[in-house]
Amino acid sequence: MIRALTVLLLLCAGLAQAGPVTVEDRRGAQSFAERPERVAVLDWALAQQVLDLDVVPVAVPEIALYSEWVATPPIPDMVADIGRRDAPDLERLAALAPDVIVISDAAPADVARLERIAPLLAFDAFDAGHDNIAAARRIYLTLARFLDREALAQARLAQMDKEIDRLARDLSDGPIRRAAIIRLNDASTIWVYGDNSFAQAALNRLGIGNALPQPPSRWGVAQRPLDVLAQVETGAVLAIRPHGPGAAVFESPVWRFLPAVAGECFAEMPPLWSYGGILSLGRHAQAIHAALIALNP
Amino acid sequence: MIRAALIGALVLVVAGVHLAAGSDLALPRMAALFLGAEPQAFADVQFTHAALPRLVMALLCGAALGLAGSLFQQLTQNPLAAPLTLGAASGAWLALVVATLLFPALAAAHGEWVAFAGAATAFGLVVAISGLRGLTGMSAVLAGMAVNLLFGAIAATIVLLQSPYFGHLFIWGAGDLGQSGWDKALWLALRLLPLLALSLLLTRGLALLRTGAEGAEARGLSLLPFLAVAAGLALGLTALAVAAVGLIGFIGLVAPNLARFAGARLPRAELLASMGLGAGLLLATDLLALFANHLTRDLVPSSAVAALVGAPALIWLMRRRLGVGDQAVFRLPPGPARVPRLAWLGLMLTGLAFTLAALTLGRTEDGWQALWPTALTFDLRWPRVLGAAAAGLAMALSGVVLQRLIRNPLASPDILGMTAGATVALVGTAIIGGGSIHEVGAGIAIFGSLLVLLLLLGLGRRHGHAPTVLALTGIALAALLDALVKVALAAGSQDSYAILGWLGGSTYRVTEAEAGQLLLAALLGLGLVLVLRRWLTLLSAGDDMALARGLSLRLARPVCLTLAAALAALVTSWLGPVAFVGLLAPHAAVMLGARRVAAQALMAGGIGTVLMVGSDWLGRMALHPMQLPAGTVASVLGGSYFLYLLVRRRVL
Chain A
1 MIRALTVLLL LCAGLAQAGP VTVEDRRGAQ SFAERPERVA VLDWALAQQV
51 LDLDVVPVAV PEIALYSEWV ATPPIPDMVA DIGRRDAPDL ERLAALAPDV
101 IVISDAAPAD VARLERIAPL LAFDAFDAGH DNIAAARRIY LTLARFLDRE
151 ALAQARLAQM DKEIDRLARD LSDGPIRRAA IIRLNDASTI WVYGDNSFAQ
201 AALNRLGIGN ALPQPPSRWG VAQRPLDVLA QVETGAVLAI RPHGPGAAVF
251 ESPVWRFLPA VAGECFAEMP PLWSYGGILS LGRHAQAIHA ALIALNP
Chain B
1 MIRAALIGAL VLVVAGVHLA AGSDLALPRM AALFLGAEPQ AFADVQFTHA
51 ALPRLVMALL CGAALGLAGS LFQQLTQNPL AAPLTLGAAS GAWLALVVAT
101 LLFPALAAAH GEWVAFAGAA TAFGLVVAIS GLRGLTGMSA VLAGMAVNLL
151 FGAIAATIVL LQSPYFGHLF IWGAGDLGQS GWDKALWLAL RLLPLLALSL
201 LLTRGLALLR TGAEGAEARG LSLLPFLAVA AGLALGLTAL AVAAVGLIGF
251 IGLVAPNLAR FAGARLPRAE LLASMGLGAG LLLATDLLAL FANHLTRDLV
301 PSSAVAALVG APALIWLMRR RLGVGDQAVF RLPPGPARVP RLAWLGLMLT
351 GLAFTLAALT LGRTEDGWQA LWPTALTFDL RWPRVLGAAA AGLAMALSGV
401 VLQRLIRNPL ASPDILGMTA GATVALVGTA IIGGGSIHEV GAGIAIFGSL
451 LVLLLLLGLG RRHGHAPTVL ALTGIALAAL LDALVKVALA AGSQDSYAIL
501 GWLGGSTYRV TEAEAGQLLL AALLGLGLVL VLRRWLTLLS AGDDMALARG
551 LSLRLARPVC LTLAAALAAL VTSWLGPVAF VGLLAPHAAV MLGARRVAAQ
601 ALMAGGIGTV LMVGSDWLGR MALHPMQLPA GTVASVLGGS YFLYLLVRRR
651 VL
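Read top to bottom, the protein sequences are chains A and B. The numbering of the first sequence is the working numbering, which starts it at 1 and goes up by one. The numbering of the second sequence is the working numbering, which starts it at 1 and goes up by one.
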């Protein structure tokens with residue numbers, strides 16, 4: 001009986017795969033004659049979203065920089081590099097003959113031009129006026145339905161949520177209750193993550209306060225002078241790698257006297273993409289958890 | 001003596017306020033720390049290792065830039081000479097950007113020498129362009145601004161291709177004084193002090209120089225070695241300041257002028273007063289940056305504030321200093337008297353060949369491909385080719401009009417601030433409105449460009465719109481607007497990515513309709529230039545000649561200026577700022593023999609078209625699949641060729 005049902009379900013699934021699909025993007029319902037095989041993504045957030053669905057895109061922009069700054073999930077060698085994120089090479093994109101182009105936060109004129117190359121899905125991913133993390137979750141699920149990976153997506157999200165809850169419980173009786181998530185910019189300036197960022201969302205879910213709250217903004221980040229870190233008196237300072245020229249601060253006396261640094265409450269985190277897909281939330285939570293545990297084993 | 005005491009007291013007061021703004025400590029605690037108390041809390045260390053070094057850094061850099069400016073001005077007898085206006089500062093900056101990305105170890109260990117080499121190269125170019133004699137006048141400043149434009153374009157391309165976002169290089173390129181220890185301040189002090197001492201040994205030579213080159217030599221000054229040492233010192237001071245904190249403009253220009261204004265007459269007094277005033281000025285502007293940082297979400301770089309204060313100061317100084325009777329006559333660069341037939345034919349064939357190549361020659365993953373494009377590829381390519389061609393034509397025409405009007409073969413919409421006006425209007429609207437820079441629209445750009453124009457006209461009225469005053473006001477406005485863009489970009493975090501791409505001047509986002517409109521506008525502009533050719537001829541012959549022939553200057557000047565500004569603004573709104581085409585094309589046209597207005601407009605338009613179409617194609621192919629903006633490629637190509645020509649022929 002169960003076997004028969006499974007077969008039936010699989011058949012239905014197979015039928016669904018062959019038939020037309022309708023998917024909702026920012027412009028409304030978009031219809032596709034069949035499920036796409038070749039997906040081209042035009043930014044790193046979507047590259048993460050698609051790779052996190054175990055779909056290998058045919059094209060991603062600026063792959064070398066992605067490997068350095070985004071790192072996970074890695075991009076397989078066969079993916080074509082289509083150049084700059086703000087100006088991908090349209091001719092190469094066309095030559096790759098994608099079934100669908102996925103793009104976020106694009107100007108309407110760009111959408112119109114890209115639609116000549118292939119059918120297109122356009123999303124609003126980052127915006128000061130909405131919740132970036134809720135949007136990332138929506139986009140992930142939409143793409144999952146579209147690419148026939150819904151079960152996988154639900155499983156991954158459930159697993160991520162469960163994992164974050166576990167990490168939160170693990171931290172719940174830890175001594176560090178507040179943390180500032182930053183990137184080092186140069187010897188005297190830093191980027192601070194605040195409302196509407198993955199870092200802030202991960203802190204919220206972990207039950208850790210933001211030691212340097214920032215008002216919500218499009219990218220959830222503000223550039224501040226290094227000495228704002230002095231405001232972090234009872235909490236950790238966690239810096240996302242790579243530091244680039246920001247590594248120069250480690251040499252400075254001001255750095256050594258920062259309360260968090262002097263109190264051995266500073267830790268580095270591996271590359272995390274702060275402007276990425278929804279699973280970036282789990283990656284942030286894991287990195288923050290690991291850093292806090294390392295500070296207070 | 002009293003003046004020196006006054007300047008000193010003023011600097012002290014500003015320093016006190018600067019410390020109070022930069023630190024949270026109370027005065028007694030500051031004093032205790034100053035006298036050697038052990039720092040205990042972070043606020044203590046912040047005072048001793050961030051607020052104090054920032055203060056010292058501002059004083060040192062300000063002194064270095066003020067002294068460098070004074071040396072440049074006394075050497076050249078040109079009140080507008082400065083590290084910024086003679087190209088030295090941007091040369092140092094470009095050298096450091098290149099070295100930081102390509103040879104990081106060298107840049108970290110010997111940044112000052114890298115910067116010095118860059119500054120010397122840029123200054124060498126300016127001297128080669130204007131000639132030693134030209135250093136005393138406008139042409140040196142215009143040549144310096146041309147060098148600035150070229151180097152800025154190269155640096156912007158490097159940044160565009162190298163960074164996930166632009167925080168670091170922006171703040172650094174924009175020059176910020178923030179410190180997190182004494183390392184840099186001590187580094188700078190150790191290198192600066194010998195140079196300061198050496199400069200004061202030059203006062204006798206500088207005094208002799210005021211009597212004229214012959215007089216100085218007659219009294220036993222060996223001129224060339226002296227000039228070399230003094231210029232080397234000024235360049236060294238510039239290089240040190242740039243290597244320590246990045247690009248900070250205007251201090252070196254304003255401080256010596258203020259010093260003379262305050263009554264410093266003798267070389268020694270002028271050097272010392274410039275040093276003191278430079279230190280005080282930079283400190284005061286940095287104080288404003290400190291206050292601004294309390295108010296804004298993102299950091300405001302010190303240099304942006306310096307430019308926001310310095311540019312108006314320059315305009316004010318200029319209005320006080322410059323005489324009314326500026327009757328410069330436009331001199332065309334040398335060249336044949338007429339355009340040979342062959343040149344017209346060659347230009348047309350080149351244009352056709354470039355267009356054909358731009359449409360058919362492409363790169364794929366497998367290599368080069370010369371094919372008649374498919375319908376889709378053709379649709380992707382032709383708006384870019386047409387947009388590039390129209391932009392080249394429009395910028396060239398704008399340049400032809402401006403060069404005649406300002407009577408200087410180095411005038412162009414980018415150097416005079418019209419492109420910058422449009423740029424600021426577009427970037428400002430995009431950042432304040434939160435929309436995409438590509439959707440702001442031509443109206444706003446023309447508004448910005450015309451605003452600069454109105455300012456130019458309003459400010460120039462006292463001098464009867466004398467060309468020199470117009471040109472200098474334009475340069476100051478351009479720098480002011482450039483600083484505004486930098487602040488906006490610094491405050492824009494990730495959005496700066498799209499804007500930086502746009503700042504290169506790219507045909508990437510030109511639609512079919514826009515390309516068509518731009519072409520129509522450019523052709524209309526060509527028609528107007530041809531209709532107005534008598535006016536332009538008379539205007540370039542000098543005011544007396546124009547008036548004698550019955551031309552109404554009050555009508556002709558604003559009309560021609562508006563035409564030039566509108567053409568530049570249209571290109572800026574659709575492509576982004578495109579530099580150098582408006583400078584190079586009219587110039588090259590004259591060198592080919594197009595000496596009359598009509599011939600020059602046609603020939604320059606053709607050259608501009610070819611240059612832009614070629615640059616657009618090269619930008620698409622050179623680093624495939626990375627797309628370089630056509631405007632940047634045109635700047636680098638056109639700028640290098642232009643400098644080469646200028647150096648070879650010394651056309652000014």
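Just to be clear, a hint being listed does not mean it is correct.
[Claimed, not checked] Label pairs and their calculated CB-CB ranges:
#1 B:Ala32 to A:Thr72: 29 to 35 Å
#2 B:Arg534 to A:Gly129: 52 to 58 Å
#3 B:Leu101 to A:Pro73: 52 to 58 Å
#4 B:Gly458 to A:Pro73: 57 to 63 Å
#5 B:Leu295 to A:Pro175: 32 to 38 Å
#6 A:Glu115 to B:Met621: 23 to 29 Å
[What the hints assert, rightly or not] These stretches of chain B come out as covered by chain A in the derived footprint (C-beta under 8 Å, 3 or more residues):
#7 179-189
#8 234-242
#9 602-609
Hints in this document: simulated from the structure, not taken from any laboratory. As the structure is a prediction and not an experimental result, all values here were calculated from the model. By construction, the Cβ of each residue, glycine as well, lies at the ideal position given by its N, Cα and C atoms.
Against the structure, the hints come out as follows:
no., hint, result
1, B:Ala32 to A:Thr72: 29 to 35 Å, "violated (50 Å)"
2, B:Arg534 to A:Gly129: 52 to 58 Å, "holds (56 Å)"
3, B:Leu101 to A:Pro73: 52 to 58 Å, "violated (28 Å)"
4, B:Gly458 to A:Pro73: 57 to 63 Å, "holds (59 Å)"
5, B:Leu295 to A:Pro175: 32 to 38 Å, "holds (36 Å)"
6, A:Glu115 to B:Met621: 23 to 29 Å, "holds (25 Å)"
7, 179-189, "holds (count 6)"
8, 234-242, "violated (count 0)"
9, 602-609, "violated (count 0)"
The earlier numbered hints that this structure contradicts are 1, 3, 8, 9.
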